[in-house]
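Colleague: Letter by letter, the chains look like this.
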Amino acid sequence: MAKLHVNGLVREIDVEDDTPLLWVLREQIGLTGTKYGCGVAQCGACSVHINGEVRRSCSIPVSALGPNDRIVTIEGLSRDRSHPVQQAWAQVDVPQCGYCQSGQIMAAAALLAKKPKPSDADIDEAMTNICRCGTYQRIRAAVHVAAALPKPAQG
Amino acid sequence: MHITPESNGLAAASDPTRRDFIVRSAAAGSALALGWTLPGEAAAQAGLAGTELNIWVVVQPDDACVIRIARSEMGQGTLTGLAQLVAEELECDWAKVRTEQISPQRNLAAQRAWGEMGTGGSRGIRTSHDYVRRGGAAARLLLLQAAADDWKVPVAELRTRSGVVTHAASGRSARYGQLAGAAAKLPAPDLKAITLKNPRSWTVAGQPLKRLDTGDKLDGSKRYAIDVRLPGMLSAAIKACPVFGGKLVGFDAAKVGTRRGVRGVVRVNDHTVAVVADTWWRARTALDALPIQWDEGAGAAQSSATIAAHLRGGLDADNAFAQRSEGDARQAIAGAARKVEAVYSTPFLAHATMEPMNCTARITADVGEVWVPTQNAEASYAALSEESGLPLTRCAVHRLDLGGGFGRRGGNQDYVRQAVSVAKQFPGVPVQLIWSREEDQSQDFYRPISMCKLSAGLDASGALTGLHVRVSGQSINAYVAPQTVIDGKDRRQLQGFWSEPGDAQLGYSVPNLLVEYAMRNTHVPVGPWRGVNTNQNGVYMECFIDEVARAAGSDPLAFRRTLMGKHPKHLAVLNAAAERAGWGQPLPAGRHRGIAQFMGYGSYSAAVAEVSVNARGEVTVHRMVLALDCGHAVNPDQIAAQVEGSVAYGLSAALHGEITIDKGRVVERNFDSYPILRLAEFPKVETVIVPSYDFWGGVGEPTICVVTPSVLNAIHAATGKPVRSLPLKHVKLA
Chain A
26 MAKLHVNGLV
36 REIDVEDDTP
46 LLWVLREQIG
56 LTGTKYGCGV
66 AQCGACSVHI
76 NGEVRRSCSI
86 PVSALGPNDR
96 IVTIEGLSRD
106 RSHPVQQAWA
116 QVDVPQCGYC
126 QSGQIMAAAA
136 LLAKKPKPSD
146 ADIDEAMTNI
156 CRCGTYQRIR
166 AAVHVAAALP
176 KPAQG
Chain B
117 MHITPESNGL
127 AAASDPTRRD
137 FIVRSAAAGS
147 ALALGWTLPG
157 EAAAQAGLAG
167 TELNIWVVVQ
177 PDDACVIRIA
187 RSEMGQGTLT
197 GLAQLVAEEL
207 ECDWAKVRTE
217 QISPQRNLAA
227 QRAWGEMGTG
237 GSRGIRTSHD
247 YVRRGGAAAR
257 LLLLQAAADD
267 WKVPVAELRT
277 RSGVVTHAAS
287 GRSARYGQLA
297 GAAAKLPAPD
307 LKAITLKNPR
317 SWTVAGQPLK
327 RLDTGDKLDG
337 SKRYAIDVRL
347 PGMLSAAIKA
357 CPVFGGKLVG
367 FDAAKVGTRR
377 GVRGVVRVND
387 HTVAVVADTW
397 WRARTALDAL
407 PIQWDEGAGA
417 AQSSATIAAH
427 LRGGLDADNA
437 FAQRSEGDAR
447 QAIAGAARKV
457 EAVYSTPFLA
467 HATMEPMNCT
477 ARITADVGEV
487 WVPTQNAEAS
497 YAALSEESGL
507 PLTRCAVHRL
517 DLGGGFGRRG
527 GNQDYVRQAV
537 SVAKQFPGVP
547 VQLIWSREED
557 QSQDFYRPIS
567 MCKLSAGLDA
577 SGALTGLHVR
587 VSGQSINAYV
597 APQTVIDGKD
607 RRQLQGFWSE
617 PGDAQLGYSV
627 PNLLVEYAMR
637 NTHVPVGPWR
647 GVNTNQNGVY
657 MECFIDEVAR
667 AAGSDPLAFR
677 RTLMGKHPKH
687 LAVLNAAAER
697 AGWGQPLPAG
707 RHRGIAQFMG
717 YGSYSAAVAE
727 VSVNARGEVT
737 VHRMVLALDC
747 GHAVNPDQIA
757 AQVEGSVAYG
767 LSAALHGEIT
777 IDKGRVVERN
787 FDSYPILRLA
797 EFPKVETVIV
807 PSYDFWGGVG
817 EPTICVVTPS
827 VLNAIHAATG
837 KPVRSLPLKH
847 VKLA
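Residue numbers (our numbering), protein chains in the order written: chain A, 26 to 180; chain B, 117 to 850.
Where hints are given, some of them may not hold.
Unchecked claim - When the alpha-carbon atoms are kept at most 27 Å apart in a straight line, the in silico DSSO-like pairs for lysine-lysine are as follows: (1) K682/B <-> K455/B; (2) K800/B <-> K140/A; (3) K212/B <-> K301/B; (4) K326/B <-> K212/B; (5) K212/B <-> K455/B; (6) K800/B <-> K326/B; (7) K139/A <-> K848/B; (8) K779/B <-> K837/B; (9) K845/B <-> K800/B; (10) K142/A <-> K800/B; (11) K308/B <-> K326/B; (12) K176/A <-> K313/B.
Keep in mind that the hints were calculated from the coordinates and are not lab data.
Same shape as in the complex, but just chain A (with noise of 0.2 Å):
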């Protein structure tokens, strides 16, 4: 039985140690926001924040976490889409299929909260999220534009 403190509450979770995070949240708690894409760290859709972090879920085992691991899924970014990385998202209108958008919006706000004024070079490190709609100059555009929005309140 695994513990784990998920969008600010605990969850008691029955599965395997070598479950990975990114299957717990999809299929045992019902979080459905973060996505599968390629299971073996490549692509970023499954990108969660744990403690403030933006790891890759579908290669983290549910026995690598406990329940002082704050995870945050897509869910539980903001009550109502008013993060300033979703904010930016609508007014830029980036998401195209927005399949890979949950994973896109997670990396932002983790390198938001780290630098809130990014430049191109350090988007370019940080988003390395895979989009095959090619939304990436607006993703670019997007964090630019999220920068200059007032910080979320802490969460």
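Use these hints to put chain B onto chain A, whose structure you have.
Modeller: Just chain B now, kept in the frame of chain A:
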């Protein structure tokens, strides 16, 4: 049954499959409209609450207008664009527009009133703009007539704007929501008699409006098919024989049957096995542990090397399909003052949609349902009916927006058939089939592999007198609908070289021209892939024409212009791209430009790339300018998004993309071995839309055909050496 290919050569692009045929035939039958027996379908067919003015428009009491959409949304923005076209004619309040997707069973029950649902070939808007606009206009006429009847004034004295009808003389006005009830009782106007607006005066269409479907993509609440959750649902992981054409001999179910959560190991078809469990992770890990015996068949002897040799044989084979033969190219080249010759090649490519193939199915003795991401909901519908053995009237397709399509989820409904086959073995229990990324990479319908030998003759003045193009490669039509290809005469593989205007016309006039195709099929399944055939042929033609220009001592832009006098639309986009990019003007040290133009999917495209190549041979693409004439521009911002998308898809292929074959199977099974372009590699992209307002062209695919050649031509300018094979990761540039 025999299906005749369409005369434009796009037979397979229109999915002339048995599945479409089934739905079309059923729609033509009169008994069908009577016999709807699917539980819950009557309620679903009632749609969103409100007053239906016609099949395209429903007005709700709060004045919101529901616009029905028949095409699939996979990120390309067709939902927003089609709604803009209806709203333009309807003159409703754009802020109150909602959309509703039509299911194939609803379409069928209404004798296919909503028309074609297939979404591919960049046809979503260009083949439905007329009837959707007429639908919007007809609904507006009904609302006008209702107001005129009520106020006893002539319709000609009324105006509509933003969902309100006004009569200036009397100062009266009424909202659409107030008029809809009376309007719906009026006889429908004659659609053919309607005069549509001049697109130059559009105020809703033609504008860079925000997409209608962004909100739930920002907080994880959007449900893709992979996110469907049904009571009691099981999950399935699947494995098909890794060697194409191989068979499933057997598997040892006992080895995994006692694992936690596993409910069964099932034969899906003659070459596929699946494990069904309470969660996908348990199904997948059990499948990985399942001993499986395959009969790999003859395909196991094939490799990239054998396939390359097979294609190379087509380059000089005596027998080929001469699709264009004008003058005598061979003779003109043989007698030319200067000859240029080159052989190019492009690899198989996977689609790699971010959302892997998946489908959820629930099959009982009398009802079949699927929840599916599909580019062709009617093909899904027919696949469900065929595989379940249930009549169409007892089947339902629940379509969900796609996490990427790119041609993978159109005619080939393999994943729907698989899900239905598995679910049939668990009657009444919903089963969600999800492919692993490895399965998705290994069981695709790949962009066809091809090579191209090009020869040109120049006279003493440097003018092009003869051009011979010989494409050797695999045919999509021969794979999808073999009966449509006779003696290898498949003009579709020559998209972009055609002589007739309108779809994929070559933009050059050459006095002696020979364009040939030598069909060389392989055991690897192939299918449409964003901009297919024009993206390979664009590389061949546009890189070679640069080589010819160099041989003639000419500037690549100036040389092209000399061949384009009879192709003003091609020339206009070429000039637009060159002008915006500053062709001929100085660049920072180390940067070089390349240019390309080509036509496909009904639109004209051109690009200029700015590239540098460092001492280690590493390429950086700094900037790309793309010009597009798609005739009418329904949403310029979404057109720009599609152009940016075509750069990402095209550049990813050019830099990294390659599916190779070893022992008959795919080698690149995930993104570690099949790298995808990332943000840091994405250049600054500028889109120049050059609408000529006299045709309707595609948007999603056209520009990809100029992305790679413009980059390769810039690399040629930088290194002095042409690049003739892809991907670039294998090409030594230093």
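Colleague: Could you run down the list of hints and mark each one as holding or not?
Modeller: Structure-based check of all given hints:
1. In summary, the hint linking K682/B to K455/B is supported, as the alpha carbons are separated by about 25 Å, within the 27 Å threshold.
2. Of the pairs offered as hints, the one joining K800/B and K140/A holds, with about 23 Å between alpha carbons and a cut-off of 27 Å not exceeded.
3. The suggested pairing of K212/B with K301/B holds, with an alpha-carbon distance near 23 Å, which does not exceed 27 Å.
4. A hinted pair counts as satisfied when its Cα atoms are at most 27 Å apart, and K326/B with K212/B qualifies at roughly 13 Å.
5. With a C-alpha separation of about 63 Å, the suggested pairing of K212/B with K455/B is violated against the 27 Å cut-off.
6. Between the alpha carbons of K800/B and K326/B the distance comes to roughly 21 Å, so the proposed pair stays at or under 27 Å and holds.
7. As the CA atoms of K139/A and K848/B are separated by approximately 39 Å, the hinted pair breaks the 27 Å bound.
8. Simply put, K779/B and K837/B have alpha-carbon atoms about 34 Å apart, too far for the 27 Å limit, and the pair is violated.
9. For the hint pairing K845/B with K800/B, the CA-to-CA distance comes to about 21 Å; that is within 27 Å, so the pair holds.
10. For the hint pairing K142/A with K800/B, the CA-to-CA distance comes to about 20 Å; that is within 27 Å, so the pair holds.
11. For the hint linking K308/B to K326/B, the alpha-carbon distance of about 31 Å lies beyond 27 Å, and the restraint is violated.
12. Note on K176/A and K313/B: the hinted pairing is violated, with a Cα-Cα distance of about 46 Å set against a maximum of 27 Å.
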